[in-house]
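Participant: Could you fit the two chains together into a complex? Lean on the hints.
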Amino acid sequence: QQQVKQSPQSLIVQKGGISIINCAYENTAFDYFPWYQQFPGKGPALLIAIRPDVSEKKEGRFTISFNKSAKQFSLHIMDSQPGDSATYFCASSGGSYIPTFGRGTSLIVHP
Amino acid sequence: DAGVTQSPTHLIKTRGQQVTLRCSPISGHKSVSWYQQVLGQGPQFIFQYYEKEERGRGNFPDRFSARQFPNYSSELNVNALLLGDSALYLCASSLAPTDSYEQYFGPGTRLTVT
Numbered sequence: 041q042q043q044v045k046q047s048p049q050s051l052i053v054q055k056g057g058i059s060i061i062n063c064a065y066e067n068t069a070f071d072y073f074p075w076y077q078q079f080p081g082k083g084p085a086l087l088i089a090i091r092p093d094v095s096e097k098k099e100g101r102f103t104i105s106f107n108k109s110a111k112q113f114s115l116h117i118m119d120s121q122p123g124d125s126a127t128y129f130c131a132s133s134g135g136s137y138i139p140t141f142g143r144g145t146s147l148i149v150h151p
Numbered sequence: 007d008a009g010v011t012q013s014p015t016h017l018i019k020t021r022g023q024q025v026t027l028r029c030s031p032i033s034g035h036k037s038v039s040w041y042q043q044v045l046g047q048g049p050q051f052i053f054q055y056y057e058k059e060e061r062g063r064g065n066f067p068d069r070f071s072a073r074q075f076p077n078y079s080s081e082l083n084v085n086a087l088l089l090g091d092s093a094l095y096l097c098a099s100s101l102a103p104t105d106s107y108e109q110y111f112g113p114g115t116r117l118t119v120t
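Chains A and B, in that order, are what the protein sequence lines are. If you want my numbering, it's the 1-based position in the first sequence plus 40. If you want my numbering, it's the 1-based position in the second sequence plus 6.
This is chain B alone, in the form it adopts within the complex (with noise of 0.2 Å):
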């Protein structure tokens, strides 16, 4: 069975510009997770979705946004990119938000932004 899966792998972005990535949960997971990784830290929370709704946001500006389609696949979105959003993006899935205990990650989208 697939994973989960992430597009694009990389990007290169310019400051000011808007970036869409996009994640395809496994098969039968409803609940996605987006996490913000930076390099040298752990990941951090940006967006929880299930069954399309929002049921979590970190600490993050309204810049970012997400939504939730009905084959339960997600996107987010970034605009005015900083330098500072330069980082590895992850998505990861789970059945739902309750089981976040056990999610799944993608590999990753690298942004870099110039």
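Only chain A is shown next, with the shape it has when bound in the complex (with noise of 0.2 Å):
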């Protein structure tokens, strides 16, 4: 059972472009909302989270935008560089704290 739906599988966006990466998570008792970032022989780092307490929250180039009545957010990277040609992981918690992560996105930022 995957609790947690993430589309595109792949993305290739050309440099100074935006990426956009939505989830869809089926738990309603999830309130904590975290993107994690890999790049290749590294393990997953913590990018940017949200609570559903609020609809967006920024840092830098990276947004995530939650709507919880469609149970769904999206992480929206502006500017994309090469740099950040990764694999993103859109996760869902709750009261365990534990994750339950997405099947991945891979994004190659042209240059």
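Bear in mind the hints are in silico, worked out from the structure with no lab data behind them. Keep in mind that the hints are not guaranteed to be accurate.
[Stated by the list, open to error] DSS-like cross-link-like pairs, simulated, lysine-lysine; straight-line CA separation at most 30 Å:
| id | chain 1 | residue 1 | chain 2 | residue 2 |
| --- | --- | --- | --- | --- |
| 1 | B | 58 | B | 36 |
| 2 | A | 97 | A | 108 |
| 3 | A | 97 | A | 82 |
| 4 | A | 82 | B | 58 |
| 5 | B | 19 | A | 82 |
| 6 | A | 98 | A | 111 |
| 7 | A | 82 | B | 36 |
| 8 | A | 111 | A | 97 |
| 9 | A | 98 | A | 55 |
Facilitator: Here is the structure:
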């Protein structure tokens, strides 16, 4: 049972463009929605996270948009750079504090 | 400061064998979690340990076991290896289970079962 559905599976963007990755969750008990960035040969690293009491959170070029009624949230990467090329995972967690991860999106930013 | 370290980096085993993977958390972190990441998928939670006690377990068979030592390092053991156990095994540490929202991952151990 996949509780967090992530799309697209892969994404190719030109340098300077906007990268958008979407996730949908099923469990209404989830109350924490992080995004992780993973480079080849490395473990995932927390990028940005949001709680359902706000609809948007911005940190630098990274923005999370959250739609509680639709049970969806998305990651926007503004002014995408080649160094942003990585795999991005959305996740959701609740009272157990253990995140349930999406399947991941492989992002390639062309120079 | 050193991050989460894992050993070995890579491992090749044969079906039916047993394997032990090791993890050292960030200094001061007392909670360690283990994840399995199959190629092309997100990490799946296996175990969480805190103060040497199991605090959570994912949907994995009893062939998987773990323990945490007094210095908060941890081992993951997998018995009777199957081809499907081939994956990247990640360890993550946090100050406490309630801080798992901000957990730090190690680079992982790549296990190949032939």
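Participant: With reference to the structure, classify each hint as holding or not holding.
Facilitator: The hints, checked one at a time:
1. B:58 / B:36: With Cα atoms ~9 Å apart, residue 58 of chain B and residue 36 of chain B stay inside 30 Å; holds.
2. A:97 / A:108: holds, 14 Å
3. A:97 / A:82: holds, 26 Å
4. A:82 / B:58: holds, 26 Å
5. B:19 / A:82: With a Cα-Cα distance of about 22 Å, the restraint between residue 19 of chain B and residue 82 of chain A holds, given a limit of 30 Å.
6. A:98 / A:111: holds, 19 Å
7. A:82 / B:36: With Cα atoms ~22 Å apart, residue 82 of chain A and residue 36 of chain B stay inside 30 Å; holds.
8. A:111 / A:97: holds, 16 Å
9. A:98 / A:55: holds, 20 Å
Hint compliance for this structure: no hint is broken.
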